[in-house]
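From just these sequences and the hints, can you work out the full model?
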Amino acid sequence: MNSKDENKLNTLNNSSNQSTSNNSERFSLATDQTSTLQIENDVDYLRVSEGAENEVLSNHEALISAPGLVDITANITSTILGALGVPVLGTIVKLYSKLFGFLWGATPGQDPWKELMDRVEILIEQKLTEYARSKALAELEGLQNIMKSYVDALESWQNNSRNSQARLLVQQRFVVADSHFKKAMPSFAIKNYEVSLLPVYAQAANLHLLLLRDSQIFGKEWGMPQNEIDIFYNEQLNSLEKYSDHCVEWYHTGLNQLKDKGSSAKNWVDYNRYRREMTLAVLDIVALLPNYDIYMYPMPVHAELTREIYTDPVGSYLPYKGNFYDVMSWYEMTKAYRQPTFQELENLIRKPSRFTWIDNLQMYTRKRQSSQYEYYNYWVGLVLKQSLISASEPNVIITSGEITSEKDRFDFSFYGPLPIYKVICNYIGRYESSLVGVNQVEFYYLVNNTPEKQEYKKDIVVMQQSQKTIDSTEELNNHTLSFIESFDLYWNNKNEKGGTIPIFGWTHHSVAPKNIIFEDKITQVPVIKSNDGTQSEVIQGPGYTGGNLIRGSRYMGNLTITPPSSKYGKKYRMRIRYAADSDGLLEVQIHKNRSTYQMPFKATMKKGEAFKFNSFQYVEKEVTLETFHAGIFLNAHNGLYLDKIEFIPM
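Here numbering that gives the first Met the number 0 is used: the first residue of the sequence shown is 0, the next is one more, and so on.
Warning: the hint list may mix true and false statements.
To be verified - As a list, the in silico DSSO-like pairs of lysine-lysine whose alpha-carbon atoms are at most 30 angstroms apart: (1) Lys611 - Lys260; (2) Lys219 - Lys258; (3) Lys605 - Lys241; (4) Lys260 - Lys496; (5) Lys421 - Lys456; (6) Lys113 - Lys241; (7) Lys569 - Lys496; (8) Lys406 - Lys493; (9) Lys147 - Lys93; (10) Lys406 - Lys366; (11) Lys182 - Lys260; (12) Lys147 - Lys350; (13) Lys241 - Lys258; (14) Lys569 - Lys241; (15) Lys601 - Lys611; (16) Lys241 - Lys190.
What the hints assert, rightly or not - Distance windows between CB atoms, simulated: (17) His251 - Gln597: 32 to 40 angstroms; (18) Met298 - His251: 30 to 38 angstroms; (19) Ser160 - Asp229: 39 to 47 angstroms.
Hints in this document: simulated from the structure, not taken from any laboratory.
The C-beta atom is built at its ideal place from N, Cα and C for all residues, glycine as well.
So this is what it looks like as structure tokens:
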């Protein structure tokens, strides 16, 4: 957007969008798989666009949340979510075409793979050697050529399905493509650069496993002997384990390396950026890879990602009078403010918990009298009320910051949960007035597919000689606001508050507000969407599951479900994904005492052992769901970790 400079004395009354530094931060969230969550934050990705100003500000970090990494990976995840199960040939061809556009660029000059590498170099402050980069890019170029040839053959076979030569050609090119992946994958895991190359590795692994899935879908039609089909299936399972373990191991290695770098606020910001962007680029993909097994998932799949990620805390100011090119973020203000420590900031992140929707938000305001004529009203505290799935009233309450006598309340549950897809903040920042704070916030959501908003806006009066608007763009895709926290900054030389900094948490839009069981597709319901379960503990997901786990200890919770209303007595295979460090028994009651199922489970790991891909296994029972079946009650012994329940129509 354009920056504006007014070189004249002016008085601004009741105008929060014309403060000394009029900083507009937008969190814009898509409600479909093709639109985009934009986080416009002038401390994140600064652009000034008049004359010589049209460059990234020299003293500020560039590409704090790079659109390349975020857009590419979020679009890929949404595309995959829409094509799980056993798609028809035409859908598979379209899927590959979309993925190629994201990964190799839809227009000349685009190089998304290079963007992925560049972004991780910034996140972890480690540059790839010229050899490692050149080797990886060369292998990727080879994969592009090989996969394009394969998809061209697929498309030709689609148009000439009875042509034996077309059928033979696609089989031959499949074998060549598989061989090339096996040769190329080590180039994306070069020793000492495993973290730097991790998003590239994850995306290449995803393509390879999609390719191997094709052999199970089409192998017989291609004329493959059954023993060859079985060989490729075993290779798919082995590669799934290998790729998943590699991604999770090196994700945590990189995260721990950043944690060990220091205890400052800036160290935490770097740590949180890595966690957010590598979740989007790597862990979301890992969570979906098991769905490529067509024998486990022979029909369309409804899958959900319940993990939570956090955008950067909101706040910056202009440190020098009249200098509109020197913008500092709150974590750079070390001379002026006492900074929170790494651990204090990490404590603001929500502890592992059951899934909740935002029900209502109470925002509290404080007035700061800067001079005889100048004053600011800004957001200093909040009470956030959240509801568990299908809860009749809010049952999770978060209180943060300063509670004052001036309160504004915003409800987001008029007709059930209203997913907030966009938040726009205007924040105040000026060195002379020594304040960092937010005095205008807009929350956007949909009601019957119609965009609506609620607004927090407070008075501000500022006298100044010049004014600048600086905008920036940071993008994520397809997320819903799920959590809000805040912290205060205080002056170094006195115990006086210098401002309040909010932080927003987001979850993936694939999570449905109700656990509706489909009759024509496999429904995956994460167990953390249960309520109650006070005798069990929610633990941090290890990276394989797309969300947190529930550790068993007797009663583990009630999972409220909505069975299909058009079928009476619909039969399903109820399959539960779990890990366990001892043998035990899981008891599942459907609709209280209506039906009880005893499900023995075997240990999948040793006590104290870290989770691996094969730590997660399945137990299943055939069940009948009636229209009045409203809940599933889970009871288990210690040592059981539940991921999700799957309902497979019979």
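Going through the hints against the structure:
1. Proximity of lysine 611 to lysine 260 is assessed by CA-CA distance (about 26 angstroms); at most 30 angstroms being required, the pair is judged to hold.
2. As the CA atoms of lysine 219 and lysine 258 are separated by approximately 50 angstroms, the hinted pair breaks the 30 angstroms bound.
3. Straight-line distance between C-alpha atoms of lysine 605 and lysine 241 comes to about 20 angstroms, which keeps the hinted pair within the 30 angstroms bound.
4. For the hint linking lysine 260 to lysine 496, the alpha-carbon distance of about 28 angstroms falls within 30 angstroms, and the restraint holds.
5. For a cut-off of 30 angstroms, the pair hint linking lysine 421 to lysine 456 stands: about 16 angstroms separates their Cα positions.
6. Our distance criterion of 30 angstroms between C-alpha atoms is met by lysine 113 and lysine 241, whose separation comes to about 24 angstroms.
7. At most 30 angstroms may separate the alpha-carbon atoms for a hinted pair to count; lysine 569 and lysine 496 exceed this at roughly 61 angstroms.
8. For the proposed pair lysine 406 and lysine 493, the alpha carbon gap of about 28 angstroms is at most 30 angstroms, so the pair holds.
9. In summary, the hint linking lysine 147 to lysine 93 is supported, as the alpha carbons are separated by about 12 angstroms, within the 30 angstroms threshold.
10. Simply put, lysine 406 and lysine 366 have alpha-carbon atoms about 12 angstroms apart, close enough for the 30 angstroms limit, and the pair holds.
11. For the hint pairing lysine 182 with lysine 260, the CA-to-CA distance comes to about 35 angstroms; that exceeds 30 angstroms, so the pair is violated.
12. Restraint check for lysine 147 and lysine 350: the C-alpha separation of about 45 angstroms exceeds 30 angstroms, so the hint is violated.
13. Under the criterion of a C-alpha separation no larger than 30 angstroms, the hint pairing lysine 241 with lysine 258 is consistent with the structure, at around 26 angstroms.
14. Under the criterion of a C-alpha separation no larger than 30 angstroms, the hint pairing lysine 569 with lysine 241 is inconsistent with the structure, at around 38 angstroms.
15. Between lysine 601 and lysine 611, the direct Cα distance comes to roughly 16 angstroms. Compliance with the 30 angstroms bound is thereby established for this hinted pair.
16. Pair hint lysine 241 plus lysine 190 holds up; C-alpha atoms about 16 angstroms apart against a cutoff of 30 angstroms.
17. Histidine 251 and glutamine 597 have their C-beta atoms about 36 angstroms apart, which keeps the hinted 32 to 40 angstroms range intact.
18. Distance hint check: the CB atoms of methionine 298 and histidine 251 are about 34 angstroms apart, consistent with the given range 30 to 38 angstroms.
19. Separation of serine 160 from aspartate 229 is about 24 angstroms and departs from the stated range, judged on CB atoms against 39 to 47 angstroms.
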